[in-house]
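> Residue numbers (our numbering), protein chains in the order written: chain A, 3 to 380; chain B, 3 to 380; chain C, -19 to 52; chain D, -19 to 52; chain E, 375 to 555; chain F, 375 to 555; chain G, 1254 to 1526; chain H, 1254 to 1526.
Do not take every clue at face value.
Unchecked claim - Simulated pairs of lysine-lysine, DSBU-like, Cα-Cα distance not exceeding 35 Å: (1) A:Lys353 - B:Lys320; (2) G:Lys1464 - C:Lys9; (3) F:Lys455 - D:Lys18; (4) F:Lys475 - D:Lys18; (5) B:Lys198 - G:Lys1317; (6) G:Lys1485 - C:Lys9; (7) G:Lys1268 - C:Lys8; (8) A:Lys263 - B:Lys328.
Claimed, not checked - Per the computed footprint, the stretches of chain H lying under chain G, defined by three or more beta-carbons under 8 Å from a beta-carbon of chain G, are: (9) 1360 to 1374; (10) 1404 to 1411; (11) 1414 to 1425; (12) 1513 to 1520.
Hint data in this document are derived by calculation from the structure and do not stem from the laboratory. Yeah, the Cβ is synthetic: ideal placement off N, Cα and C, and Gly gets one too.
Each chain, letter by letter, is given below.
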Amino acid sequence: MGENERQAVLMSGNEACVEGALLAGINFFAGYPITPSTEIAEGLAERLPRHGGKFIQMEDEIASMAAVVGASLAGAKAMTATSGPGFSLKQENIGFAAMAEVPCVVVNVQRYGPSTGLPTSPAQGDIMQARWGTHGDHPMIALMPASVQESLTLTIEAFNLAEKFRTPVILLLDEVVGHMREGIVPPRKEEIMIKKRKKPTAPPEEYLPYRAEPDGVPPMANFGDGYRFHVTGLVHDETGFPRGRGSDGDYLVRRLTNKVKNHFVPMVEEYLTEDAEIAVVACGSVARSAKRAVNLGREQGIKVGLVRPISIWPFPEKAIKDLAGKVRAIVVPEMNLGQVALEVERCACGKAVVYRLNRIDAELITPDEILAKIQEVK
Amino acid sequence: MGENERQAVLMSGNEACVEGALLAGINFFAGYPITPSTEIAEGLAERLPRHGGKFIQMEDEIASMAAVVGASLAGAKAMTATSGPGFSLKQENIGFAAMAEVPCVVVNVQRYGPSTGLPTSPAQGDIMQARWGTHGDHPMIALMPASVQESLTLTIEAFNLAEKFRTPVILLLDEVVGHMREGIVPPRKEEIMIKKRKKPTAPPEEYLPYRAEPDGVPPMANFGDGYRFHVTGLVHDETGFPRGRGSDGDYLVRRLTNKVKNHFVPMVEEYLTEDAEIAVVACGSVARSAKRAVNLGREQGIKVGLVRPISIWPFPEKAIKDLAGKVRAIVVPEMNLGQVALEVERCACGKAVVYRLNRIDAELITPDEILAKIQEVK
Amino acid sequence: MGTGKKVRIDVNTDWCKGCGICIAFCPKKVFDPLPDNKPKVARPEDCIECMLCELRCPDLAINVGGGSDGRK
Amino acid sequence: MGTGKKVRIDVNTDWCKGCGICIAFCPKKVFDPLPDNKPKVARPEDCIECMLCELRCPDLAINVGGGSDGRK
Amino acid sequence: MAQLEIRLSGFGGQGLITAGIILADAAIREGKQAVQSQSYGPEARGGASKAEVIISDTAIDYPKVKEPSVLLAMSQEACDKYLESLRDDGILIIDSYYVKKVPETRARVYSLPITELAREKLGKVIVANIVALGATVEITGAVGQGTLEEAVLSRVPGGTEELNRQALAIGFQLGRKQLEK
Amino acid sequence: MAQLEIRLSGFGGQGLITAGIILADAAIREGKQAVQSQSYGPEARGGASKAEVIISDTAIDYPKVKEPSVLLAMSQEACDKYLESLRDDGILIIDSYYVKKVPETRARVYSLPITELAREKLGKVIVANIVALGATVEITGAVGQGTLEEAVLSRVPGGTEELNRQALAIGFQLGRKQLEK
Amino acid sequence: MAVKELLDRYTRMEKLPHIWCPGCGHGIILGSVLRAIQRQNLEPDKTTIVSGIGCSSRAPGYMKFDTLHTTHGRALAFATGVKLARPELNVIVLSGDGDCAAIGGNHLIHAARRNINLTTVVFNNSIYGMTSGQYSPLTPHKRFATTAPYGNVDHPFDLCQLVIAAGATYVARGTAYHTQMLIDLIAKGIERKGFSFIEVVTQCPTYYGRKNKLGSAIDMLNWQKEHGVPVKAAAKLPPEKMEGKFVIGELHCTQRPEYVEEYQRIIDRMERE
Amino acid sequence: MAVKELLDRYTRMEKLPHIWCPGCGHGIILGSVLRAIQRQNLEPDKTTIVSGIGCSSRAPGYMKFDTLHTTHGRALAFATGVKLARPELNVIVLSGDGDCAAIGGNHLIHAARRNINLTTVVFNNSIYGMTSGQYSPLTPHKRFATTAPYGNVDHPFDLCQLVIAAGATYVARGTAYHTQMLIDLIAKGIERKGFSFIEVVTQCPTYYGRKNKLGSAIDMLNWQKEHGVPVKAAAKLPPEKMEGKFVIGELHCTQRPEYVEEYQRIIDRMERE
Ligand SMILES: Cc1ncc(C[n+]2csc(CCOP(=O)(O)OP(=O)(O)O)c2C)c(N)n1
Ligand SMILES: Cc1ncc(C[n+]2csc(CCOP(=O)(O)OP(=O)(O)O)c2C)c(N)n1
Ligand code: SF4
Ligand code: SF4
Ligand code: SF4
Ligand code: SF4
Ligand code: SF4
Ligand code: SF4
Ligand SMILES: [Mg+2]
Ligand SMILES: [Mg+2]
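Let's have the full structure, built from the sequences with the hints guiding it.
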């Protein structure tokens, strides 16, 4: 960022992600090009060596994810970025990172799927995959920015959460946010809260790499710091070694899940929900249309509000449950065939009627469409 | 199977899957060894060439999935088998098969995850992944056998559904079912209904490989049959060629989803639900414990029944909604941290209280535990 | 050199993207560039039917020696 | 031919799995097999401290020449 | 000014996306809100190209342009395709070099020899986008000339500043002449 | 017979899983229901090994054995580990060659020289599992001798039929002697 | 034969002109593949073309055969399934340097090891064209790409040597410039039973050319002309004269049992039993 | 040095005895790696051992360093991250023939191509041990495995040749039998800057041995002794005498810029700017 003026700068969501990563202190990026995420790799290829960091283009997405985990274990703040097909390929090693508790950030700039789909077109079809893409029970944190500014701040936040919880964090952009340009005011270094992984205080002989503290997270030594510990994707006990026991699995996988479930504070934007009778729940770029629709609705005297899950995983259950207790109807517009709606329906628990609004023709849902739905269910 | 007596034969779930595949007319298998699914590959390595079919051990799971799709396009009935980590790796090409409408069967013998986990231990942690593992919106059919006999019959059914709907079908075994042995009576060839993909009736010049019939499924020519058509994972129109248009995507992805949603008949076993006040919803091996618990509960005079989704995806929404309208409480025992429960909660829609019972210590949930829960919620 | 006789050389201008490869590599300089850089068959009588332009045209836009009745 | 002097050869029988490799490949036939196929140091005086048994033991169960005070 | 929605269209290689970025950049420099977006074809190269800019004094939610009040068309195809979306009270600016057939419209039409001038006066068709930008800004008053020049100079490759300054000047002049008409 | 639950335990390589399969196979041959399952160690080899068989006249739901009524223990470790789960009215059969320390129990205990006999009489420790199976069946009456022999012969490698037949006979005899006691 | 007939018989003319940039070598290679197919007189109904993802991998869409445009890097694995399931089909794989040597590298060496009867043509433009110019495993050291803004740190594969070492039985290298030779090489690759591999050095003027200031497509073809040295000539040149140049022509041609046939032998044996 | 000291300094003794079967060659290789580490006097706190999944890949668990047991086939990719992020670490990768040459083949050739300073030791027992005996890309033709019940249709890689062709700068082959040579080869691999690769032919008596009736671990070691021919001796033997045998010793040793250093040069250049 260099300059320190408060002048807004025009940049794209992908570029803001690069800036955010640099502000968060990234020093390692491994990736493999794929539309529409490639600008993130390109930006970091150029910027990282100037900051003494390393960029590597690996042979594929699997290797990129692996290298990121390796680098993080060696102490780096590490990130990778990809889109749909690459995100599918990374899943096995995302699960490894979750299991071995290796902090890292995985950016998925969602494009139109399934399969190769429409590589340059927007969609929000990977929301459920972000939660469930890898096998087995596992914790997952995923953030969905709705603006270029937020693309920057949530990238920083993603690093912070990764370091805090020792877990992979997914930044789920959509193509609209990734490619559009807005003026943003990058924060000054000193304005940013940077979270770093807890270091062990115990001497190496006493270090138990997977002994969690009350927050559910074990302190983490770096490879090369003299702790000489073992990391594995097998079920392991507090020493980090596998013993093949189901009881260790029970303890470990519950701890992994609970450290996030019990200590992560869901991030939600609420807009005009106080007196709302109808609510819209929307994420990412669609939430921008939704906000406009809410404003238009209010102009028409409709008591409508917006809830925007910023952290989509863990799903903000409480916010939606509270909402369902308050409003009569919930409209869920998404650029997919209904993924967030599943969780909204579940949390609404019959208390509010959930209406879906889905568009999968590679166009951003418009405010008018959402407004029409609001009027319909009014 | 050779012999034709009705004598029961002792075999494992994995072996029964091999028998089922042979009865269904499999002629191609590509795989990569992984516990606890390996016996399926080993069985077919031995049996396929005796039936004139081909077995190949590929370099990894990605290649295995790819080879299966290639073989199916060339007219083969093709299958692959894997477990957790391999299932994660196959996801990208499973999405391709869904998008390009290539019939094939993917067996996932679930093991304890995430990551390498406990390779020889049971779990049901891949249920959500089976639905959402690949990126983008896509249809998915997944079946969960609860016995060795069913492992055979559902393998046949998986092939039939794959051929009928031109889509990948997932057979979601769990390690308990895969490895336990029971006596089963293999059906005679002539007792089995074998479904084959629809062939085009139009001459090659007029053939539109992605023009669907009223059932949502387009007839499928084989490579080499003179139709000279194009297959891609890009969004394509009825000709099979990509034109980069969102409207094609809208039409295509909705059709893919609807062909399954509107024409697939969910498979559910209901047991003593008629007068039930409490219901257990359980799949796979856990459903066996559940049935026992239901019987024990009935012995104690508790009006309890069991609903077993045999086809877990598409989720049997109607059955669960009906159930929720009827019973007071639903108990959902699973060998995971609550995956089926999510859908049950959603479908219950507040009408019945949903209680979770989760065990992730690599042991099958016992009838006693389920019974205790039933008594608790009674 | 050439055969002296005019060889029929067809350029499909709808497909041609004006890369200039045919013009640059014709050993007999048979083509001249048009303003949009597409080839004009300027000296068909010089053509020796080496086929290089046809083989190297990235857009499959050149046909040398008539249709399927051509001698090659 | 051995140093004549008894070389100290320790076998960690807790780790030894009785594969017989040490016995089979000792150039001096220093070991005899016990009933469970683990090695008995039968002729330590023949040992030439070639270290092969130590190097080849898959279970890291043989130590030739004493502890860290050994000559090697 | 409430919200000004501009669409710059033509074919790949004309630098319309760069033009859009520069325009949005200029708006930002003036302390306004701006969103720039673009369409990618299936191959992200060749074929039609389109950049959109929204300029506003207040926060911009929906970031796409549906019914622009200003349409720049630098190819016939683009003109034909996007004219429909232009507001009735909108402004259509066309490059007369490429758009020969001006369709009927209720919008105000400015037919400018953009590419022609770039070629004739500067010998570089490549700066036609900057010429167009100058004219568009002059005609619409979307941003100030000064900030536009700043934005141009900060976004063009080093060594081409003078060329671009000249292109911009030509554009401004072209626009002014139209307004004076 | 309601439901007979049998656990065969020892260490990897003793062929206990094969024994379990044969037992279940025999039950099936008699028209009964049977489920056989096994435990895999983390490496699926070496260490403890365990096979379980449930035999029943009616459908078997829960396929695992929790509290067996019959426990065969062919290693001290297995005996120590699994004895607890044996029902008080159950039967414990131990291979006296490996299980030297017979723990206290309310179950009926049969200590048999299984491996010893296999080695002495047949020169092949490898068929100790079949000897054990014969004895177990004789003592428990889980299945008939004839069907057991059928099952054994259909499941052992070609060429070893005679050896296994002999092993089975030894097992039967061993069991009978115990019952006669 | 004139191109018209070629187009008629082997292309989906309604899809042309193709999407490739002006001067892109991919079109030249496409033409050469079609001519080789024609030379070998492959039955169109019995020929399947398989590709991955990339500019190059768009080629099959223009070809009137059964065509399969798969996922990035996996063409050879899909093709293996096609071939094994239906051995009578001629299966040709078209791939890019990124598709084949980066993400697809493993499938390449394993297909070569198995010596399965496929013909693979790699469109090597030293860059990821489709995604706009990132370096590939075949981008030369120090060259520029969007992800190599300071010059490429990586060193490239000698892909032909790699495939030979992996076990391929026919390996050749051609260029878009040496078109006639290229047709010969591809034709022979098709003719040979077993795994045939033809690397084609070609130009991406849009990204590789522009990023590295290599001039127009014509300049890049001239570079190929000057730097591609035929095997025989190369053998006679002292090493220093080969500096910066590359060998073209048939590099390796040998015989080994072919995979599908070997497997068929097992099936036949079973039937006899 | 005696094994006791080796164990004290470099192993997690509380984890021993290891899980490997009696006579499994993996233990011999583990010992050799430890001795090579000792020979090179690597600082234990600055040494990281990385593996994939397999019997062989269990080795790091016994070694008292920072140890990383990754996913199947990906060890080299993880190791690349470790090394790049912290170049001062000595990074050694232990892998199996399946792990490294089947699912991990692509990472292997790319690590070799980059010439990144890692030392890779492949425990080649010609089989997938961990999953109980399926064929690997290094299982010889016609040999038996659970997935090759009629004899292996595949032909194996010459993995060393492949890695040389991919660009590795140090490549050697040893056996579990020739233990002293093996220690030398691994030690030199560690010493050399760049990508070092040591294939170790070893025995899996439990699966490969049993399936192919090769006798005990002792018999299999004897086979290694008789079939492994040192480079120099091999050079003197006529081809027919090498039939069925394999070359052991240092096969390739050359110099090329190392990846991490090359990248560091860019960083340094930026700083100077
Ligand atoms: C799994 C996956 N990763 C990345 C991509 C993005 N992608 C598409 S084409 C391509 C590279 C193409 O390069 P090459 O194979 O050399 O073909 P070219 O375009 O140069 O002809 C990449 C990285 C993808 N589609 N899928
Ligand atoms: C993605 C994935 N696929 C498959 C497996 C199953 N698996 C574990 S180890 C192994 C093969 C090991 O063979 P090798 O690398 O030769 O090691 P060895 O056991 O022979 O030492 C396989 C296929 C896995 N764990 N993960
Ligand atoms: S080579 Fe082909 S595309 Fe290029 S200018 Fe000539 S005709 Fe046109
Ligand atoms: S055939 Fe040869 S001589 Fe004739 S125009 Fe073409 S390139 Fe020139
Ligand atoms: S050191 Fe050598 S001589 Fe001595 S016991 Fe060991 S192998 Fe035998
Ligand atoms: S080599 Fe080692 S494990 Fe084998 S018998 Fe000798 S001491 Fe025991
Ligand atoms: S980007 Fe390069 S490879 Fe792709 S079509 Fe254009 S010139 Fe060809
Ligand atoms: S199975 Fe083979 S490789 Fe694995 S430990 Fe046993 S002998 Fe070694
Ligand atoms: Mg390329
Ligand atoms: Mg192995």
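> Of the hints given before, which are not true for this structure?
Of the numbered hints given earlier, the structure breaks none, since each of them holds.
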